[in-house]
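A.B. asks: Okay, here's what each chain looks like letter by letter:
Number of protein chains: 2
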Amino acid sequence: MSDEPYEFAVDAFRREGLLEPAETGTGPAHDGTGRVDLSFSPSGRTVRVPQGVTLFDAASWNGIAIDSTCGGHGTCKKCKIQVVDGTVPVSRLDVRAFSADQLKDGWRLACLAHATQDLGVDVPPLTTRPKAATVGVGRQVILRPAVQKRYVELDEPTLADQRPDLQRLYDAIDDLELRADLHALRRLPTVLRQADYKITAVIVDEDLIDVEPGDTSEQRYAIAFDLGTTTVVATLLDLATGTPVAVQSMLNKQQPFGGDVITRISATMMDPDALGRLRLLAQETLAELAVGVCAEGEVDAALVYEVALAGNATMTALVLGIDPEPLGVAPFVMSTAAPTDVRAADLGLSLHPGARASLFPALGAYVGGDIVSGMLATGMDRDKRVRLFIDVGTNCEIVLSDGDRILSTAAPAGPAFEGGAIRCGMRAADGAIEVIKLGEDVVLQVIGEVEPQGLCGSGLVDGVAELVRVGLLDHSGRFVSDEIAKEVAPALADRLTYVGEERVFVLHRPRGVTEAAESVYLSQRDVRELQFAKAAISTGWTLLLDELEVDPRDVQQVLLAGSFGSYLSPASAIRIGLVPKLPVLRIVSAGNVAGEGAKMALLSLRERAGAAALLEEVRYVELSDRADFNDKFVDQLAFPG
Amino acid sequence: MSDEPYEFAVDAFRREGLLEPAETGTGPAHDGTGRVDLSFSPSGRTVRVPQGVTLFDAASWNGIAIDSTCGGHGTCKKCKIQVVDGTVPVSRLDVRAFSADQLKDGWRLACLAHATQDLGVDVPPLTTRPKAATVGVGRQVILRPAVQKRYVELDEPTLADQRPDLQRLYDAIDDLELRADLHALRRLPTVLRQADYKITAVIVDEDLIDVEPGDTSEQRYAIAFDLGTTTVVATLLDLATGTPVAVQSMLNKQQPFGGDVITRISATMMDPDALGRLRLLAQETLAELAVGVCAEGEVDAALVYEVALAGNATMTALVLGIDPEPLGVAPFVMSTAAPTDVRAADLGLSLHPGARASLFPALGAYVGGDIVSGMLATGMDRDKRVRLFIDVGTNCEIVLSDGDRILSTAAPAGPAFEGGAIRCGMRAADGAIEVIKLGEDVVLQVIGEVEPQGLCGSGLVDGVAELVRVGLLDHSGRFVSDEIAKEVAPALADRLTYVGEERVFVLHRPRGVTEAAESVYLSQRDVRELQFAKAAISTGWTLLLDELEVDPRDVQQVLLAGSFGSYLSPASAIRIGLVPKLPVLRIVSAGNVAGEGAKMALLSLRERAGAAALLEEVRYVELSDRADFNDKFVDQLAFPG
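Quick note, the sequences are listed as chains W and D, same order. The first sequence maps to residues 1 to 641 in my numbering. The second sequence maps to residues 1 to 641 in my numbering.
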């Protein structure tokens with residue numbers, strides 16, 4: 001990543017020829033970073049942006065709404081602002097939009113006003129509905145979806161004007177380089193004439209996917225999918241307002257093939273039919289959710305024109321029917337980082353027949369589109385702070401940004417966090433202990449308010465962290481002797497016992513049960529499993545911190561992501577050393593960031609471009625290639641003092 | 001059309017940034033047309049091309065073969081030529097391809113050598129197989145098909161090189177901006193590993209449609225379709241050599257819906273199911289022919305990666321399933337001039353699953369893709385002569401070029417040429433009289449060497465022309481009296497008789513038949529029908545000639561096209577006034593030019609771009625809009641004196 005948070009946008013402008021080359025800039029000299037400060041009134045906000053960015057975009061990125069109906073394409077002439085401090089050259093359109101006096105007073109169209117020096121800018125109040133939504137981790141997204149609807153009233157053809165129907169439509173929407181699907185072309189002559197040449201064009205990116213009679217421009221929807229290995233979440237979005245209409249989730253129907261990506265990849269290697277079946281199961285999961293959210297939101301599925309999908313590299317390969325085997329064996333290679341040209345129908349979805357699918361690009365076989373989506377939602381590429389992003393799971397993805405460079409890696413944490421390989425482990429379902437506090441007694445929080453049946457990942461982390469805190473586990477991860485136990489935690493000491501030869505700590509003994517083996521407990525081996533898992537993760541971020549020469553204490557924020565990470569107690573995560581030893585407020589549960597990123601991609605083409613730009617900006621560090629991995633790993637096994 | 005025959009190519013270069021802007025040209029000043037003369041040795045040919053064109057293209061367009069394996073993309077460094085007169089600046093690649101001495105001696109790579117002044121150029125003999133084919137009316141086409149195959153040997157991935165499979169392939173083919181179909185992406189990981197990373201990429205334009213194990217680069221085919229209202233022709237082309245492998249034709253299965261486009265359009269207006277059935281019938285016709293040519297050529301249909309289709313606007317709409325009604329009623333509007341993004345599967349073809357379809361663009365509802373294809377095949381846009389192109393049929397398309405501007409129009413000739421509305425009229429099938437000579441006797445040439453059963457269009461034209469020549473028809477189109485008949489043609493006079501009240505000329509009286517009504521004859525009303533038909537056509541070209549202020553005697557070539565036009569006797573066409581009164585050698589039967597154009601589009605992307613450019617260059621003149629049409633039409637009814 002360069003030191004410009006919006007460098008990808010600047011490059012996009014350069015490619016589009018919208019930005020004057022640096023050497024022709026007319027503003028005063030700047031510091032080496034080529035940034036300018038823009039003070040917006042009446043909001044009073046000052047933002048620092050790369051030199052040359054338009055005032056419209058600078059405002060948009062920072063959640064300052066400037067009037068616009070064309071989305072900053074230089075066609076609507078609504079984005080009027082007044083430059084009250086500093087100067088901006090007059091553009092070709094300014095001359096048409098303003099009087100000479102107004103131009104002298106600093107009035108400009110924001111979308112053509114390039115900031116080449118520090119400026120004070122006065123933004124008039126909106127006269128059109130604000131078009132922004134808050135998504136992700138405090139991200140304000142100006143609505144500029146790939147899906148657009150344009151209502152047009154066309155002139156009827158005459159012998160003197162025999163333009164083809166499609167040309168007539170293109171001429172009316174001349175700010176886009178449209179390209180018609182065959183489906184849209186088939187409908188056009190009929191719809192045009194039925195609707196007296198008053199129609200709404202349905203556009204995704206610059207593809208004309210349909211035409212509808214009359215004005216349907218407010219009816220446009222999209223579905224964001226978070227295709228997890230375990231859980232799949234669908235959010236139906238109203239693109240006209242940027243708001244979610246319905247959200248549903250369900251278990252991935254691929255579950256019978258194994259709980260994690262490796263078992264599913266293995267299935268395809270063993271059985272030639274497995275790939276086809278896994279593909280179908282993933283598609284059925286998506287289809288069922290799509291039907292569900294449309295029903296819940298009372299939205300006709302044919303009005304859903306786009307879907308976005310964030311999934312790890314294996315889930316993405318499987319749902320597309322691509323052999324995942326190379327992802328599962330060294331050297332861990334993806335078929336592609338960024339599948340393009342996918343339609344919703346290719347994912348088995350029955351939405352609008354021309355609906356497009358936007359799949360998040362992946363950084364590597366084990367840092368997939370779900371992580372890129374999460375990085376987008378958390379603004380990993382836009383924040384100047386030192387931030388660590390950890391998606392905890394069987395495979396743990398770690399991203400580190402020092403506000404300038406971004407590194408990512410994947411650490412094989414194993415199944416401990418999913419409850420696998422843990423004696424009383426279970427998924428985070430009804431009956432799972434998810435929070436544990438040790439004091440005079442054991443206080444348990446159980447999912448579903450039922451009798452505890454086992455321990456899920458967050459309960460495991462809490463349990464081990466609490467046992468270390470009260471001194472029943474030493475820092476090497478070994479249960480203490482009965483003598484020491486009585487001394488350090490007399491109220492809990494009798495729970496420290498044996499199942500067979502193995503030392504265990506009983507968390508819950510059901511009524512009438514006398515045998516420890518029949519209770520819910522945490523064993524010495526469970527602790528070892530967790531130590532291995534957390535050591536893998538902390539080795540990952542330690543190596544990334546080393547790589548960027550950042551001291552762990554300088555990390556300003558740790559984002560715990562993923563369905564598991566979001567439930568983890570920050571204090572326990574610190575205590576077992578899963579995250580660096582930091583003030584607890586710096587550890588933030590980020591929620592389902594993959595799903596949030598998918599929503600952002602649907603709401604904003606610019607954010608989507610940001611996700612694509614991450615492929616260039618983020619350097620992937622392969623851990624299995626590191627000579628120092630094993631040494632570091634052993635160092636990380638103990639719990640912090 | 002501009003006065004630059006290759007202007008579209010120049011524009012393409014400008015867009016690609018391959019051409020320096022005129023003001024930076026370093027050559028000496030030129031005349032206003034901005035052209036340069038290039039003398040090629042040893043061929044001794046001098047060609048005049050627009051300033052700035054590369055020597056490679058200038059040579060290619062003029063059938064002078066320069067060595068190249070990359071097709072002029074600046075990658076193979078094989079297109080070495082020596083500038084022996086004049087100078088060409090040294091390009092960035094020249095420095096790598098030649099020694100300093102060679103550069104001083106004028107050696108350059110032709111594909112990067114822009115001609116900015118008159119030059120003498122020495123072209124070394126070919127060391128690779130010549131890559132050109134002769135198609136159309138004497139057109140030499142340098143092979144640069146949209147379909148490319150590239151054999152590559154990729155490095156196996158390692159932990160130090162985890163590039164995704166697709167990226168690895170893209171990096172190996174970095175002269176193209178490839179974009180992969182989902183099908184290709186699905187195959188890639190498997191094929192790569194099966195074939196030890198030695199694979200052939202199948203590319204259409206810049207779409208990667210498949211990957212094949214090993215080197216299959218010589219196996220690539222395409223099918224050119226001429227989708228006529230009556231007859232459909234398919235040509236299977238070997239794209240590696242540019243040669244046709246098999247040709248088959250059959251009647252369009254839509255025949256039961258009517259013989260011409262109007263009856264088929266009417267069918268869709270009357271019956272809501274007709275469009276779907278017509279679409280299916282057209283697709284079945286294409287599919288049957290595709291199977292046929294593949295079988296005849298012993299080519300696996302999965303090796304056919306592209307098809308080109310030339311058809312009139314109605315046939316094109318029907319095969320795509322687009323409602324043709326607006327084509328059939330004023331103001332005669334097409335849904336689109338140029339359908340894009342069509343796949344062979346959309347046409348009902350089972351070829352390679354990703355095979356693309358390139359449909360010829362149309363100039364108007366009645367000057368369709370078949371005519372644009374014909375214009376390409378006859379070089380209407382490249383020839384500096386005054387040329388008239390006439391596709392004779394129920395709807396007659398006329399194109400006039402004065403070597404600078406091109407006009408087109410459509411004339412409603414009616415069904416006479418198809419044998420419709422003619423008493424003894426019939427299709428050009430077995431038993432149809434196709435040639436008639438009158439002398440001491442009537443000499444007939446009959447299709448299929450069977451007893452004459454009727455008269456097809458060319459027989460009708462011959463018959464009327466001969467009757468005018470021998471004086472049995474006067475110039476107003478009226479049969480002469482028996483008295484005059486005996487005087488002017490005593491040997492034939494007794495054939496002039498009556499059927500009912502109508503005057504007829506008996507062409508053939510079967511053995512034992514005594515009644516004229518049971519013979520094959522030509523009636524007064526038939527003559528009138530032909531007069532109406534030919535007057536519609538000659539009014540068309542007369543109006544076009546007027547429009548360009550060209551005297552009919554200055555027309556240097558008349559191309560008679562279409563399945564009917566090609567069989568017409570030039571002398572008879574002149575005699576009845578179907579074409580201007582010109583030396584007979586100037587009237588050329590051009591053959592199935594629509595099919596030839598489709599072949600050219602498959603063999604050369606540049607030719608295909610030429611067809612697209614015709615949409616901008618050709619002005620369509622609508623006859624039904626002309627106040628002077630009726631007057632001119634009446635003037636044209638008589639036969640020339």
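It is possible that part of the hints are untrue.
Computed spacing ranges between beta-carbons, pair by pair [stated by the list, open to error]:
{"no.": "1", "chain 1": "W", "residue 1": "Ser624", "chain 2": "D", "residue 2": "Asp155", "range": "16 to 26 Å"}
{"no.": "2", "chain 1": "D", "residue 1": "Gly44", "chain 2": "W", "residue 2": "Ser91", "range": "48 to 58 Å"}
{"no.": "3", "chain 1": "D", "residue 1": "Ala609", "chain 2": "W", "residue 2": "Ser624", "range": "42 to 52 Å"}
{"no.": "4", "chain 1": "W", "residue 1": "Val634", "chain 2": "D", "residue 2": "Asp300", "range": "52 to 62 Å"}
{"no.": "5", "chain 1": "D", "residue 1": "Asp383", "chain 2": "W", "residue 2": "Ala612", "range": "40 to 50 Å"}
Residues from chain W that keep clear of chain D, each with C-beta distances beyond 10 Å, as calculated [said to hold, decoys possible]:
{"no.": "6", "residue": "Leu185"}
{"no.": "7", "residue": "Leu188"}
{"no.": "8", "residue": "Pro189"}
{"no.": "9", "residue": "Ala330"}
{"no.": "10", "residue": "Lys486"}
Everything labelled a hint here was simulated from the structure, so no lab data went into it. Positions of the beta carbon are idealized from the N, C-alpha and C atoms, including for glycine.
A.B. asks: Each of the hints needs a verdict: does it hold here or not?
C.D. replies: So, going through the hints one by one against the coordinates:
no., hint, verdict
1, W:Ser624 to D:Asp155: 16 to 26 Å, "19 Å, holds"
2, D:Gly44 to W:Ser91: 48 to 58 Å, "55 Å, holds"
3, D:Ala609 to W:Ser624: 42 to 52 Å, "49 Å, holds"
4, W:Val634 to D:Asp300: 52 to 62 Å, "59 Å, holds"
5, D:Asp383 to W:Ala612: 40 to 50 Å, "48 Å, holds"
6, Leu185, "6 Å, violated"
7, Leu188, "6 Å, violated"
8, Pro189, "5 Å, violated"
9, Ala330, "6 Å, violated"
10, Lys486, "51 Å, holds"
When each numbered hint is compared with the structure, violations occur for hints 6, 7, 8 and 9.
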